[in-house]
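Peer 1: Reassemble the complex: the two chains are provided individually, in unrelated frames, and hints are given to aid placement.
The primary structure of each chain is shown beneath.
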Amino acid sequence: MVPEYDLAAGMPDTAVSVSDFVDLLNETYEFAFPSIVVSGELANLRVSKNKWLYFDLKDDGASVKFFGTVYQLPGPLEDGMLLNVRGTPHMHEAYGFSVNVQTIQAAGEGSIRRAAELLQIKLEAEGLFAADRKRRLPYPPERIGLITSGQSAAYADFIKILAARWAGLNVAHIDVQVQGEIAPLQIVEAIETFNTMAEPPEVLVLIRGGGIPEDLAAFSTESVTRAVASSRVPTLVAIGHEIDVSLAELAADVRASTPSNAAELLVPDKATVLSDVAQTAERMYTVLVDRIEDERSDLNTVSQSLQQAVSRQFDHTRRHLEQYSELLMTLSPEAALRRGYSVLRTAKRKQITDEAGLPKVGDDIIIQHHLAELAATVTNVEQRRHP
Amino acid sequence: MKKQQPYNELVAELQQLVRKLESGEADIDESIKLYEQGTQIVQQLEQRLQEAENRITSLQATMEQAEAE
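Going down the list, the protein sequences come from chains A and B. Converting from the first sequence to my numbering requires adding 3 to each position, the first position being numbered 1. 51 is the number that my numbering gives to position 59 of the second sequence; each next residue is one higher, with no gaps.
Pulled out of the complex, with its shape left as it was, chain B reads as follows (with noise of 0.2 Å):
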């Protein structure tokens, strides 16, 4: 399974995004491309928040496992 890249690196990348389009730096055309980026980011992130689920295991204490032993 692909690992998913991690939330906060999403929010970052969505941020400087954003500076750059802000910043007037980019010609048209690499504003544009900055745009579609930035709203397929702005997408993922919608998705994980509304459709992931929390996910629980259950871990033993090594000293239960010892006791076990």
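Bound-form chain A, shown alone (with noise of 0.2 Å):
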């Protein structure tokens, strides 16, 4: 219990307990300094029990102690690093003096190089870089993450190429800060939130336009890195400029140069995909004109070999039928008469024959000849002997 002292009323004279002096002195701390950022050389850094994180900040003049949780820590650290640490001065009862730390930040172009090689050392040897890792984004996504301030360049380049490019996208924005202390911490919110959605994106992007190294870091710290590299949902990553490379930006399963680099891998081009639906359209065309014109033709060939069949058919009955008429030629009597021979019939033009009986002396007969029918009278009958 902080015992109740006014402070703005000025010290009391009479003597307090030690207990309640460092109380009053960490009142005094938090009412101060609720939040202060000093920026000095790190020395002394030791992490105790994987968990508790001790180390100094100095410069030629004086040194400090900090206290934290390795939670707090941006990556791997080294003595020797410029470092912006966020925290409280604290008093604590048995071991003195500290600040308790809220945040972490390299500062200065070479200490945040530094810290950023030594974290991709690190992440590199736990495989979160791999190849094997990446995953194919789908082509073209329908329902977009995107993580990116509202207020930037790169948010308005990648929604304006993206329109230009593609239609009927969902994309939903949160907005974060891409760079200062608390960016990490917001992309990495943003990352979960989008990842544990009833219905998450199809692929989650996170940009920002170029900046100085100083303004890139938040996506080359820790937190952000295994984010990206933990999110389930795939990750499409462009930072900065093509010559900047974060750490982000290798756990992504796809990295982009820049933001409207992003919104050109992301989805096809309109034009070029109309272009092909249009060539589909006139193949399947061509496809079937070219399969009525077989069917045309195929008809054609049965149709044709119908007639042939049909007309050989009638050939064949016409040559019969001819045979048929030269045999009943041969056999008709006319051709008999025309060889010469006669035939004699009655007066009443009935044929004599064997059955028919022959005539007698005095009858009249014609005689038919194939010139002419001659009338006659029998003048003898001489019965002839059959051989």
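Mixed in with the good hints, there may be bad ones.
Unchecked claim - Derived DSBU-like pairs: lysine-lysine, alpha-carbon spacing no greater than 30 Å straight-line:
1. A/K363 <-> A/K351
2. A/K137 <-> A/K125
3. B/K25 <-> A/K273
4. A/K273 <-> A/K137
5. A/K68 <-> A/K52
6. A/K273 <-> B/K12
Rather than coming from a laboratory, the hints here were simulated on the basis of the structure. Being a predicted model, the structure only gives us computed values, none of them experimental.
Peer 2: Spelled out as structure tokens, the structure:
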């Protein structure tokens, strides 16, 4: 319990206990420095029980102790690095004075680069950047989770290029700070939010435009890099200009060189696709026309063979008929007459045959010759003996 | 609102249809039907790409909500 002292009214004259003094001091610290950023060179970095973090920040004139947890580390650090550490001064009842850490950031280009190098070595060893972890992005995705600052040129470029290239997309945007102390936390939260949605987007897009290394540092922190690597939703990350490579980009499934390039990689170009679709439609038409043409030609062939078969049958029948007709001709009595034979008929034009009986002397008969019919009278009948 | 068939599904359907048409498996009646279906899909794709607009919604990360509470 902190004793009731009215600080504004000045210090009391009476003595206070050690415990009360510590409490009073801490109350004063919290009041005076709820949060302060101290910049200095890292020294005596030590981790205890894999959890507690002890280090000093120093400059030419002074050195101050800091206390925190490993979860506040932006990544591996080493003595000599320049850091910006946010925290609250605190007097521990047993261990004395230290600053309780809230956030730690590398400061200055050299330290930022070195911190990123150390982290890269560590995460690389864990396999976070391995090529076989990379997943394919759905192409084109319909639902996109976008994480960037809504005020940024990166956001505007991305949305503009996306609209020019493709249509009907659902873009859900979480507005985050893309630089500064709070940025890594917000970015990690945004990635987590998208991942835990009932219907998560098909791809996460994390983008930021160019800037000085200090501005891009959030994308090379351990927390952001790990969040990108462990995202269940496939990730596309584009930070800064082409030459800037952040660790988040290395951990991403796909890296784009710029925010505009991210939009280009994400979806095909409408114009190209429309022309492909038109070509497909034309091919389809050609196939159908060819198909109809084939059917017609098949039909012609069948129809021709049908006609041929019928006409063959006709010819055959006609030839038969001619043969019969010739046969008939040879069998006809006319033919015999033409050969010189004659037919005898009675006056009543009945043919004189064996059955009908021979005419008698004096009977009138008709002799039928092929040139004429002659009327005659029988003058003599002489029976022929049959052989 | 009826859910739109995803673009990729439409394209896959069109490709399958064209393949079947090209293979000559289908008889002439079916071929004509396939062609009609194909042209409908083509129209849908063109319409979708030319008329549809991208929808952009703003979400809040859970952290921001938590802070606001």
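Peer 1: Which of the listed hints are broken here?
Peer 2: Hints that this structure does not satisfy do not exist here, as all of them hold.
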